[in-house]
Every structure is written in structure tokens, then in C-alpha cells.
Amino acid sequence: MRHAVKDGYCWSIGDGKKICIWEEPWIPSLPGFRVERPPLIEGRSIFWVCDLFRHGSKAWDEELLTTLFDSVAVQAILKIKMPEADVPDEIIWTKTINGQFTTKSLYRSLTVSQASSSSVSSSSDSFPWSTFWKCKHISPRVLYFIWRVINNALAVRHNTCKFIPDALSDCPLCYSATETTDHLFVHCPFTQALWFASPLSLIIEDENLTVKDLISSWFSSPHGSHLIMVQRSFIWEPVCCGAFGRHAALIFKDYTEPIEDIDSSAPNSITHLSNANWIRPTPSDIKINVDAAYTTPFAVAAAIARDMNGDFVSCMTSYFETSSPIEAKTTAFLLGVKLAKNLHLNRGFIEGDSLQVVKAINDVSTNAPWRIRATVADILQFRRTVPELRFDFVPRKANSVAHALAQFTFTSRISDWWMDPHPPDCIVDSINLDKSNSLISSD
Numbered sequence: 001m002r003h004a005v006k007d008g009y010c011w012s013i014g015d016g017k018k019i020c021i022w023e024e025p026w027i028p029s030l031p032g033f034r035v036e037r038p039p040l041i042e043g044r045s046i047f048w049v050c051d052l053f054r055h056g057s058k059a060w061d062e063e064l065l066t067t068l069f070d071s072v073a074v075q076a077i078l079k080i081k082m083p084e085a086d087v088p089d090e091i092i093w094t095k096t097i098n099g100q101f102t103t104k105s106l107y108r109s110l111t112v113s114q115a116s117s118s119s120v121s122s123s124s125d126s127f128p129w130s131t132f133w134k135c136k137h138i139s140p141r142v143l144y145f146i147w148r149v150i151n152n153a154l155a156v157r158h159n160t161c162k163f164i165p166d167a168l169s170d171c172p173l174c175y176s177a178t179e180t181t182d183h184l185f186v187h188c189p190f191t192q193a194l195w196f197a198s199p200l201s202l203i204i205e206d207e208n209l210t211v212k213d214l215i216s217s218w219f220s221s222p223h224g225s226h227l228i229m230v231q232r233s234f235i236w237e238p239v240c241c242g243a244f245g246r247h248a249a250l251i252f253k254d255y256t257e258p259i260e261d262i263d264s265s266a267p268n269s270i271t272h273l274s275n276a277n278w279i280r281p282t283p284s285d286i287k288i289n290v291d292a293a294y295t296t297p298f299a300v301a302a303a304i305a306r307d308m309n310g311d312f313v314s315c316m317t318s319y320f321e322t323s324s325p326i327e328a329k330t331t332a333f334l335l336g337v338k339l340a341k342n343l344h345l346n347r348g349f350i351e352g353d354s355l356q357v358v359k360a361i362n363d364v365s366t367n368a369p370w371r372i373r374a375t376v377a378d379i380l381q382f383r384r385t386v387p388e389l390r391f392d393f394v395p396r397k398a399n400s401v402a403h404a405l406a407q408f409t410f411t412s413r414i415s416d417w418w419m420d421p422h423p424p425d426c427i428v429d430s431i432n433l434d435k436s437n438s439l440i441s442s443d
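Mind the numbering: the sequence shown is residues 1 to 443 in UniProt numbering, read in order.
Among these hints, one or two may not hold up.
[As the list claims (entries may be wrong)] Cβ-Cβ distance ranges computed for the label pairs, FRET-style: (1) E62 <-> E90: 38 to 48 Å; (2) S126 <-> A59: 20 to 30 Å; (3) K162 <-> Y107: 24 to 34 Å; (4) M419 <-> D206: 45 to 55 Å; (5) Y319 <-> N346: 52 to 62 Å; (6) D416 <-> F101: 14 to 24 Å; (7) N362 <-> Y319: 44 to 54 Å; (8) T411 <-> T385: 42 to 52 Å; (9) E388 <-> A276: 18 to 28 Å.
Keep in mind that the hints were calculated from the coordinates and are not lab data. Glycine residues also receive a C-beta, built at the ideal position from the N, C-alpha and C atoms.
All chains, full assembly: derive it from the sequences and hints.
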């Protein structure tokens, strides 16, 4: 038990003054979070993580890193986002999103560890397959699709990226995480809203829950097949329609409808958001929209500023390496902050379609996800100098220009800043469409 707890902890770097390079876990993407001690280094004392910074800054000394570590470790270290803000080092628990230890997450990690060490056959036997295939209340086509879900045999983006180089991996419904089968059917905010709005009013709090565990719990109950029937039209149809299109949705019904029209299945808030348009800023204000795209290990961030008439003011793009979609999304908001700083704004709006990031920025009373804590700290540091800078969540349709700019940046790999009165050609049509369909701000 003590060993399992120890293996889940890692340092989150603030100033690097408390973390011993050779003794402490501090590199999240390396096994064990640690590096091996090299041979004796002559002429220089290298002990603390801060010793790896360039003199007078918190930027990594890449030349020093290459003399101390192998190429894999160097790349892993360079991926660690260092906060420019003055924040201390802190220990985080990597088994939860917010870095806080919970007994539930420890139990879950122990269960997963035990399952992975057992044979494949014993793992397969844990699912009530006999009950599953004998179920007479569910059509064979639906059973077959559920079988594919359980066995991760769907063309989710995480799977297609294994075969198609440079394919996008982020979820097309929320764009805040990699689209895996478990994410799509259990953890996606869109899906979780559907779970809650269903007749079961299901709230999924366990971030480690798998779709196999969820379905297994249903079939292990006396009324499992009825639960599947209840959820069939409420969850599987809308999610399949949104993520897989008409072909997959036909498994469940003889027709399908656009995701915007699923009034009986989706919560009213989702239906409302899906129909939203871009809203112009108030007079004399500037609105900045941000977005990101991610395919392991590269990401892009894009930010575009427009005035009350919807006209182009400026934009910035950045191409970089990172470890997850949520880190890419947060970096996009930081890029928006940098654009606001370059424009010398005293007030304004920064919008993006990642609700998780917006909550982390606006709600300082809760712990931000540990993977984005350093970037959020930098955003908050700038926000203190511009108190009238607002951060808002908007649906993807109201963020189409930033999305188009991010997609262009991903293919061109350009990091740049435009101040020309004419925007990049790749977003001209999107800007004009927003101008024709935009709403006037009521703020």
C-alpha cells in the first residue's frame, strides 16, 4: 500500500528550489517520474531543479540538459511548463485531475494494477458475458455495438491516430481531452450532461470509471437489460450521432437528426449552446477568441482579436510540443492574454470553447487540474494587472474563427503575430460569416 501511494506522487515545479533532481519524482511523463544520476559532474554543483534553469530566469538550460540526461529525458523535461508567476513547488497526486489525494483514486489505481498483472482470460471473465449475450430485450445489432464499445473496437480518434499520422486526437464534442472510447461514452462533458438528463439522473464522479465497468454494473444488476433500454435512446443515439454520424446512429433507430435537434435527449443548455453565434463586444472594447488543436506530441494555439464591428484587429499563433489537449487549450488562453498585452488593453473579453479551462481561471477557490496549474498561474498573474479582463466560455459555433486559425496553424506550423489591417487569408471567410450572423452584446 505504501509503495502504491509513493508511486502516485510527483512534484509540480514552481521555483524549483525544493526539488532534488536525483532523489525526487518531478518529471510526469517519465516512468517513476525520476531520472538517473549521471557520473560525477566536475566544476559545477547540480543538485536542485532550479540549477537546471538559465541564469536569472526560469527557462530550461537546454545545453546543460543534454550534458546531463539522455534524449528521452531531455524531451520529457522540456515539455514541463514552467510558470513565469512566482509560485512555490508543491507535491501533487497524479491519479486525480486536480492533484489532490483521495482514497477512491488510490483504490482505483490498485485495482487497475492488479487487473493488468492478471491474465487476459481472467480479465475477460470479470465481465458478465453470459448474461450479456443471453439478453433478449436488446436487439443483436445493439448488443454487437456495445460489444465493440467494451472492446475498444471503434474508430475513435485515439485509435485512428495509431494508423494515420498527424490525425487530430481531441474529442470533437468537447475538445478538452483525447477522444478515447471511455472519454466519449463516460467522461466527455457532453455525454455526462446526457447521463444527468436521462431518467436515471446519473452523475459520474469517478474519473477512473471505464465504460466496461459501467456496462458491467448494469448487467450485473437484476434489471440490467431494462437499464440498457432506458439509456439506449438517451445516450447511445445522441453520442453516436454527434461523434460517429448517421451510419452509427442507424444501429439504434431507423433515422437520425442533427445534434442540434435532439431536444428530447439532450439537456436544454446543450441544445441552446449548439445554436449560439458569435457576440460582438461592447463599444470601445476588444474581444479575443482562442482555440487549440492537438495531436501527440504537437499542439497549436491561436488567438484572434476583433472590435465591436466584428472587424479584424490582430491575431497570434503558436506551434509547440505538449502532453495533452487540456494543456494545449490552456496555452491558447495564455496566448490570448499575451495578445491582450501586446494590444495594451485595459479591459476586454477572452473567449474559448474549453469550459474546464475557463472554470480553472475564474474559480480560484478550487484547485486547477495539475497539468495546467503553471499556465493558469501565469494567466492569473496577468489578470491581476487588468482586472476588467473577462474570461468566458462559448460553444464551438461561436468560436469558429479561432478554430479555423488553429487548424491552419496546425498544417502550416507557423508561430507569428499579425497586426496588418488584413487578416490571414485562411480566416477571411470565417470572419465575414461571423459578421453577418453575429449578435450585438447586451453587456
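Whether the CB-CB distance between M419 and D206 falls inside 45 to 55 Å: Roughly 48 Å apart at Cβ, these two residues keep to the hinted range, so it holds.
Taking the beta carbons of E62 and E90, is their distance inside 38 to 48 Å? 25 Å, violated
Mind checking the hinted window 20 to 30 Å against the Cβ distance between S126 and A59? 48 Å, violated
Hint check for F101 and D416 - Cβ pair distance inside 14 to 24 Å: At roughly 42 Å between Cβ atoms, F101 and D416 fall outside 14 to 24 Å, so the hint is violated.
Please test the hint of 42 to 52 Å on the beta carbon pair from T411 and T385. With Cβ atoms ~35 Å apart, the hint is violated.
Assuming the hint says 18 to 28 Å, is it satisfied by the Cβ distance from E388 to A276 or not? Holds, since E388 and A276 (Cβ atoms, about 24 Å apart) stay within the stated range.
Pairwise beta carbon distance, N362 to Y319, judged against the given window 44 to 54 Å: Roughly 28 Å apart at Cβ, these two residues miss the hinted range, so it is violated.
Could you see if the CB distance from Y319 to N346 stays within 52 to 62 Å? 30 Å, violated
When you take the CB atoms of K162 and Y107, is the distance between them in 24 to 34 Å? Between K162 and Y107, where Cβ atoms are some 31 Å apart, the hint holds.
The structure fails to meet hints 1, 2, 5, 6, 7 and 8 from the earlier list, while all remaining hints are met.
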